[in-house]
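Student: Note that the protein sequences, when read in sequence, are chains A and B.
Residue numbers for the first sequence, in this note's numbering: 1 to 556.
Residue numbers for the second sequence, in this note's numbering: 557 to 1112.
It cannot be assumed that every hint is accurate.
[To be verified] List time: in silico DMTMM-like cross-link candidates among lysine to aspartate or glutamate, alpha-carbon distance up to 25 Å:
no.: 1; chain 1: A; residue 1: Lys366; chain 2: B; residue 2: Glu1108
no.: 2; chain 1: B; residue 1: Lys1107; chain 2: A; residue 2: Asp522
no.: 3; chain 1: A; residue 1: Lys141; chain 2: A; residue 2: Asp114
no.: 4; chain 1: B; residue 1: Lys1079; chain 2: A; residue 2: Glu552
no.: 5; chain 1: B; residue 1: Lys559; chain 2: B; residue 2: Glu582
no.: 6; chain 1: A; residue 1: Lys371; chain 2: B; residue 2: Glu897
no.: 7; chain 1: A; residue 1: Lys371; chain 2: B; residue 2: Asp950
Keep in mind the hints are simulated off the structure, nothing from the lab.
Small disclaimer: the values here were computed from a predicted structure and weren't measured.
The primary structure of each chain is shown beneath.
Protein chains: 2
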Amino acid sequence: MAKYSIGVDFGTLSGRAVLVNVVTGEELASSVLDYAHGVMDEQIPTGRKLPPDWALEHPQDYLDVFAHTIPDILKQTAINPADVIGVGVDFTACTILPVKKDGTPLCFIEEYKDNPHAYVKLWKHHAAQDKANKLNEIAAKRCEKWLARYGGKISSEWVIPKIWQVLDEAPEIYKAADRFIEATDWVVWQLTGVETRNSCTAGYKAMWHKREGYPSNAFFKALDPRLENVVDEKLMRDIKPLGARAGTISVAAARLTGLLPCTAVAVGNVDAHVCMPAVGIDGPGKLLAIMGTSTCHILMSEEEKEVPGMCGVVEDGAMPGYYGYEAGQSCVGDHFAWFVENCLPAIYYEQAKSQGVNIHKFLRQKAEVLKPGESGLVALDWWNGNRSVLVDVDLTGMMLGMTLLTKPEEIYRALIEATAFGTRMIIETFRESGVPVNEYVAAGGIAEKDPMTMQIYADIINMPIRISGSSQGPALGSAIFGAVAAGSAVGGYDSVFEAARILGKLKDTVYTPNSENVKTYDKLFNEYRLLHDYFGRGANDVMKRLKEIKKEAKGI
Amino acid sequence: MAKYSIGVDFGTLSGRAVLVNVVTGEELASSVLDYAHGVMDEQIPTGRKLPPDWALEHPQDYLDVFAHTIPDILKQTAINPADVIGVGVDFTACTILPVKKDGTPLCFIEEYKDNPHAYVKLWKHHAAQDKANKLNEIAAKRCEKWLARYGGKISSEWVIPKIWQVLDEAPEIYKAADRFIEATDWVVWQLTGVETRNSCTAGYKAMWHKREGYPSNAFFKALDPRLENVVDEKLMRDIKPLGARAGTISVAAARLTGLLPCTAVAVGNVDAHVCMPAVGIDGPGKLLAIMGTSTCHILMSEEEKEVPGMCGVVEDGAMPGYYGYEAGQSCVGDHFAWFVENCLPAIYYEQAKSQGVNIHKFLRQKAEVLKPGESGLVALDWWNGNRSVLVDVDLTGMMLGMTLLTKPEEIYRALIEATAFGTRMIIETFRESGVPVNEYVAAGGIAEKDPMTMQIYADIINMPIRISGSSQGPALGSAIFGAVAAGSAVGGYDSVFEAARILGKLKDTVYTPNSENVKTYDKLFNEYRLLHDYFGRGANDVMKRLKEIKKEAKGI
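Just chain A, same shape as in the assembly (with noise of 0.2 Å):
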């Protein structure tokens, strides 16, 4: 009798399942929910106003991912819910929120309703930015050793800056909160009734180390008095490894799901992370690249190594037993987007109506006849700073090369290079950092959509790029850390590794550099290299110069 898994991958709007065959792979079903709340930027449920910068979500909307389309699902199949042996969830990250010790948000509690504070903070909450400046300013000042690990820089929108907050402006949310905990570590303990904690968001978003543990209370101290001992207060020192079982499907959590009481449950998994044996990845030196309107690379080693730029690096942060690293290019999609909507012209809009063609598709014809180097433009790709490896949100976007018969079409294409060397800026840092990088598959909106740009890519790289085979990767990820935590006693597996070679998926296409390409870019990329390090390594800090001219021009 088939096997199968379940996989839930929460995202910023919506949740989706899928149920996975976990011998054949094969996804049979899958179902989505829009959360009924959103994103919550301007008003919360009451009708209370938001500052400017917020990001909340309403965790009943995760309860209902789960109450609707896991149910939906194992209708569709009509498969025996016996056959479900486990279930694996992933979510954003860091999305965080106060429960009581029961697990109970205090914004389901009447008294704290009102209070914004009481609701999920969503990842892109930035509204603590002036805490996470003093966290870093401390830190280095205090010569934190762990600091490094995250590029010297720790983002606002990670947990202490989040908690911070809470503290400072609502003490009364902070007093009444027993937990603080990630929305993946929560959804698991809806599914378990039990709490666990997971090493991928304690490592990569609350400055957690395997071997050394959170950071000091001496220096939690520094930051207030108050938060000297907020890990054992409102955290949790047990971490569990990826790949490990949280507990078992709990009798309420059978109710509101449909499935067995006793179904495996993994520990809670990051949205990105979870795609690693999604698409195969089975150990060290296999880079995955998720791209979107920012890509995210993650990266496996048997080392840990102090690699400079990374957002960060955690032992079991992908998967167990190896250091996960991750990288990020805080502007991918992003780039191409701003071009199409303020830079390509109406002639062109024209051109392509004439011809019936979409204005996208109507660009890329024209890009993708351009050989390397032909435009004569080189550009950085810091539109919206540079995530890694300079880690430096006051870089800004340069273009050079242009002449009088520079087209639209070149400089698109341009900013398209320009991310290539951007990845191709990690990986060679990676490397010179003793930590290799042998294979690289990609994923993601543009990996599944874009085939110029991941010609463009493979060329600058100079290494072939397989492309993720499910277009569901988070979901597939999460049912395959499901059937791990099930095991292979009840048909599972025992090791994700094996789980991923014989359940990941990757298309059949690969893009193999072109050795004429290759030359070329190699030569563009040395003149990128010298421009990255002139503009972003202080010989020049023209970039950072004019934002400030610019902040006293508006008056800010």
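Knowing the structure of chain A, use the given hints to seat chain B on it.
Tutor: Here is chain B on its own, set in the frame of chain A:
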């Protein structure tokens, strides 16, 4: 009884005559004739095809301008030709033609009609680039000291490369030509019956120097032994200063034009330089900028200094008795046109249309409300290379500071600012070389029609800007030189400086620097200068390397 002077301005596509009252400066009438043959860049009248980069004209068209426009303005105003005391002409340059001893163009002679080299080579005939390259190489090797007066490089557009091309490709034409002559001198010859040569074209286009004469015969021999005596055989060593009288209307010219014989005719002039008196410039330190697709700067000084990157410095080159300096920016209006054509998004056209506003006005409305520095952008205005002060056609454009919020109008304004920074580099280079710049007068289409741009220029160069008062600046300037050729005895002037003060015209508008903007632009100019020097003076020759890569990619 009022006296009048006629100025005839020969442009690239048409000629225009203007009748001016020599006491009031009033422009009483004007008349234009398009050249029947236009610019011949595909074939000559016999049907013979032209190679790429050629640009010819037909001298009959110039005679037709005299025959049509002068009678026309006389008729329009019904004035007595006896009251016309002088005529002046100006022309594009270097625009030259081969003629017989009596002034007959070779292309008028049956035998040569089918030979393209028998026609006028227009200023923008670019098929002699290989000759210019060779000439520059040989001159540099021989350490010819005159080379420094031309920014170290002479252009393929100038006299010797053009003559050399004739010699090489059509030695029979070279042999048959008794003279090679600038069109401006040839049309004066047609009016007076006497061959003269003017100091402006001789100095700026034929490497002539008032005290040192032409380059040595040894130099010309080094180019090609057949050129050893080119000056004596084909040009003329007797050069008349601007402001001198070339002669008087001949009997034949009287028949052609309706003017009386003995009317004074000024020596030939050039369309840019002739504008100096037309805007009232009467001495050194007053810079004239003629701002159109490109910008030409003319400035006089009492001393001959070596100013890096000038197009030339010529005694009597702009007005008699002073050293005339010419500088240039190869891409000004062209920048803005490139932007509008290639970068202005469809949505702006839609919005402009729905508001019933012209797209250029719509864009300007958005750009002019921006504060200096607000965009965070800075650009290098090198889309068409850099003429002054770097004299480098292989430089290309650069822009930096872009973010995902950067708007088209910000890019547009940054391009305008970049051209103004380029102007400031020229002004500062003059000053640093000991050539004072105390006043700034602008003429040309941009000066007349674009107040936003002119205010930006005033703020960036931190000088008030006055605007030419006549929209027929060259024709007015020619008429002024005509009145000077006539002299005070017949109601004209003995000094072009006096005539300039009385007849030159400026608008009442003055663009006065805004001190707040000046402060911000000073900071931005520092950034421009830093980047200008970094990319323009050899620290990072990325632009040239990209051009090489581009050539390889295109297989050229």
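Student: Each of the hints needs a verdict: does it hold here or not?
Tutor: Here's how the hints hold up against the structure:
1. A/Lys366 / B/Glu1108: holds (20 Å)
2. B/Lys1107 / A/Asp522: holds (16 Å)
3. A/Lys141 / A/Asp114: Outside the cut-off at roughly 38 Å; violated.
4. B/Lys1079 / A/Glu552: Holds. B/Lys1079 to A/Glu552 sits at ~12 Å (cutoff 25 Å).
5. B/Lys559 / B/Glu582: Holds: B/Lys559 and B/Glu582 sit about 11 Å apart, inside 25 Å.
6. A/Lys371 / B/Glu897: holds (23 Å)
7. A/Lys371 / B/Asp950: holds (20 Å)
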